[in-house]
Amino acid sequence: MNLCTIKRNIPFAATAVVALILYLAAGFRFHGFMSVGVFKNFFSDNSFLGIASIGMTFVILSGGIDLSVGAIVGLSSVIIAMMMETHHISPVLSVVTVLGVGVVLGTIMGALIQLFALPPFLVTLAGMFFARGLGLVLQPESITINSYDSLLSHWTLPMPLTALLYLSMFVIALIIAHFTKFGRNVYAIGGNEQSAMLMGLPVSRTKIGVYAFSGFCSALAGIVYTLYSPSGYARAADGLELDAIAAVVIGGTLLTGGVGFVAGTFIGVLIFGIIQSAIIFQGTLSSWWTRIAVGLLLLVFILLQKLLQLKRFATSKDVSK
Amino acid sequence: MSAKPANFSSAWSSLKWPALALALVLAFNLFLTPGFFHLTFRDGRVYGSLVDIINRGAPVILLSLGMTLVIATGGVDLSVGAVMAITGAIAAVLITKNVSSLLVIIGLPLVISIIAGAWNGALVGFIGVPPIVATLILMVAGRGVAQLLTNGQITFHNETFAYIARGHCLGLPFPITLVVVAFFVLLIATQKTAAGLFIAATGDNELASRCAGLHTRRVKLFVYVVCGFCAGVAGLIPAADIQQADATHAGEWLELDSILATVIGGTALTGGRFSLGGSLLGALLIQTVTTTILTRGVPSQLTLVVKALVVVSVCLLQSDKFRTFTLAAARMNRKAVTE
Amino acid sequence: MNDANQTDALLRARGVSKSFPGVKALQEVDFTVRAGEVHALMGENGAGKSTLIKVLTGVYRRDSGEIHLGDNLIDPRTPDEAQRMGISTVYQEVNLVPYLSVAENICLGRQRTRLGLLKWKEIRDRAEKALARLGVELDVTETLANNSIAIQQLVAIARALDTSARLLILDEPTSSLDEGEVERLFSIMRKLKADGLGIIFVTHFLDQVYAVSDRITVLHNGQLVGEYPAASLPRVQLISKMMGKELSELDLSRGRDDRAVASSLRAPLLELKGVSRNNAIKPIDLQIGAGEIVGLAGLLGSGRTETARIVFGLDPAETGEILLDGKPVQLNSALDAISHKLGFCPEDRKLEGIIPNLSVRENIVLAMQAGQGWLKYLSRARQNEIAEEFIRALNIKTPSPDQAIRLLSGGNQQKVILARWLASRPRLLILDEPTRGIDVGAKLEIEKLMAKLTTEGMAILFISSDLEEMVRNSHRVAVLRDRQKVAELSREQISEANIMHAIAATEVK
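Residue numbers (the numbering used here), protein chains in the order written: chain A, 1 to 321; chain B, 322 to 660; chain C, 661 to 1169.
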């Protein structure tokens, strides 16, 4: 084990340790926290955050950022609710359409960012406005979804559908990240885009593809949201993008890109779930403490990343951005 | 060659696009909205749509002024909405705790807003955290703090405090006075001290500025503090107006509005030269468009979609790659036509 | 050129030209590399070396001329195309992905997949094989950044071999290597040469060129000066060709005789004692007195700019001390230096000099204003006064002082930056290539200005590739070669010939 491998894995190790400490602390403090039911809920309740965070992981790994995630979740939930409830379109077709919409929106944003060199935060911020606005225009009120009941009663699943989708997506993301050329290209571009270009990698295609993938994940997260809530609501998942970014950063992915693990994001989402559950168990603390706790953790991990970066580049010249 | 009023003509040239756009929207209303330009005078006060626009747009204008300076250094401040929520919350808490001194009720929130700005400035300027991320932290945690303070929302009753939003000064609503004062204070600060030069230089080429002896870190700290303060002042207005601090919705969406206003006003997102006047016009334009849309009976949700499209369009127009792309396309078209 | 050798030619470039707006980077350059040879490409700044390399590797597209690789006419339009044709480049900054493993870096972009999934074992085996060709054994699963720059370079070379490169371009590979690592690189180059690869070796280290190259091509101002077998080209001739001068036609112009001798009796304003910085400059002693112009002469990469940067605090010194007025000082940043009344007109004006969208006036007064602080704002009138003064003095061509500086030509931009520093009146001014790109008339104006300032007590550290200019203006000249000071010339010793001899390490007359 050499120093750089250790250094590269410090953020991830720190995350795992923090998760463990939080879980043990909560388990010690709250009776019943360590039950199987509570543990299962970490994966079913936070499934839409988890799926959205998976998409976000790839975007951040490539060196970008996506602020439209929550808005697309809301938009997707509205579209699928409208298609199934109002227009009685089959669930399969509705799901495919919604996923398609997510991919298209993601691709457009990726193209604007890559081809015209517009800043990612601004394009995706505009995307957030666009998706929220579009969702509200289509349907300002919430739509309850009943169409799932008939569908789901046919299946008996080992775990809630939401958790199943989340875990499946996690496995798929792991495979993409570590076993496909696309995934490795994402890491390369995030690590050093100039080098990636000189090495002949398809930088444009990959960067646009990353945003398309994030759009897909957000749309899927929107569908999962409708399974969870069960309704379509344009204002749903307000601020989800911030939670997703927090989960990714806490999970050990560097904001500058190139370093990080999908597994880290998985643990980051887990930490989020632990904090939320702990606050609920506490009873007296309002749920808004989750936001503050997440903000603080985000800060700590960012400072940790900065500290590691400074040590790594201690001898280089004065070049800063 | 002697010193000419070149600065006036160059200032005008950078303002002409937002001014033109604003004029267009106003013209649209002139013809299609009856009574739009109608002003009435009662009890020594002025009333009318135009007054309403500036009045309701005051928070966005204030945010835009602060945001302009931050963007000029090549950064951005996403936490302005959250800071607005915090300042409104603190004022509300102080009032409900029966604090009598108006100085404290207004002063403490503003001090906190300065600290929030300094926090952002320290993270960005001294530690080197990218601005999006640094201000994101406050955006996330800040609203949580505001929500905690108010437990959601606090309603209160304080006539003197309400003056901030409902009072009148020289016949115009007080927020307009705030906007005018803020604009001129910042204009003088940037034009009559070295601040304007330092800010523009830092944003345009930070390395060269440092080599020339600029304390670029201090410059960055300064602009985030100013932006935080502007957000603080802006946050007091809606709280005073509705006599309520709503932690969830205070300042909602206003981050994008202020960024949009700055970009429309001619300040590039990459930093460098900035235009406070341009941002003022940009914010007025946004507010006018919003008002126009509402008076036409169009659902307000559509404004979000419209704003999104406008932001992207403005950025595309500023993007070199887009310009070369369209020029090349136009050239190819012309060639095809002439062949 | 002996045509019989053409049959061995791996790369034949004929009449290659490339222009950019305002500058002819390459003019009708011929360049030939044979299989199984190490061919050094040399030239000073603006010679066209990097442009030629970029044309060969597909980063730029040439305007005219032909390139043959083997028997085929080639036209590489992207780095990827060039790579697939068999031309691979290892850059000075290595240009690999630091956080990925060695194996991945070698195979990235060309991994073989089964059902879309990567075969990691195959990737590792391929990487080990490529490294074995270099005689290097590494843990290929290790992160690249964990290895020294020397090893990273070898990984980059291994990547090139994995792409079945026939022509390998090494762009300044030895800048960050120590002597042992350089030796290892050379033995690998000899091995590859024996395997039939053609190697283009771009460097400015004279000793290294002679140690490992078979032939040398020299470029100057975008044109081909000539191609020579290394064994039969004496050093001093190489240097003179690189500098664009023929030794025989050199006028042995002497240094200024009217120099004030008194300055050497005073305590020096600035003194460097044993100052060094890894991979930048070996321990150097240097003194500069008030009212003196000290020139730093040497070839590109000899350590001149690096020394200047240390003096100005941009790169901290690692050993030795810097004394100002006899007292040691810490110069850890530009601000430190400026507070001690030093000034620096940088070589790279785009990166470290101009504030592109600000006006000429603002660029000129910036350093002055920075020194005065936020509140003591120079009034518009005063700013215009200062700007006009320097626009006149340096003959800066601009429609008005309010013109954005990025719209000015390069030479005029340079004058504005110079004006910035002259306006702030430092005690010691470092000028790094101040007259590059400037017309002859303005050059003389600047020289007159320099002389006037020194009579007022300013000290100047002067770096210039223009030997004549250096000889004309300097009171003393320190000669650098391969990152160390090799000679110091004063008064009648200062001449172009002596400087070149000093660099070549032949006798100084």
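Don't read these hints as lab results, they were simulated from the structure. Note that the Cβ used here is the ideal one computed from N, Cα and C, for glycine as well. Please note that the accuracy of each hint is not assured.
So the derived label-pair ranges between C-beta atoms look like this [what the hints assert, rightly or not]:
(1) B:656 / C:889: 50 to 58 Å
(2) C:1067 / B:623: 53 to 61 Å
(3) A:286 / B:447: 28 to 36 Å
(4) A:140 / B:510: 40 to 48 Å
(5) B:573 / A:97: 23 to 31 Å
Q.
Holds or violated: the 23 to 31 Å window for the beta-carbon distance between residue 573 of chain B and residue 97 of chain A?
A. holds, 30 Å
Q. Honestly, do residue 140 of chain A and residue 510 of chain B meet the 40 to 48 Å range at C-beta?
A. holds, 43 Å
Q.
Does the beta carbon distance between residue 286 of chain A and residue 447 of chain B stay inside 28 to 36 Å, or does it fall outside?
A. Roughly 33 Å apart at Cβ, these two residues keep to the hinted range, so it holds.
Q) Quick one: are residue 656 of chain B and residue 889 of chain C within 50 to 58 Å, going by C-beta? A) holds, 51 Å
Q: Could you see if the CB distance from residue 1067 of chain C to residue 623 of chain B stays within 53 to 61 Å?
A: violated, 42 Å
The structure is inconsistent with hint 2 alone, although it conforms to all the rest.
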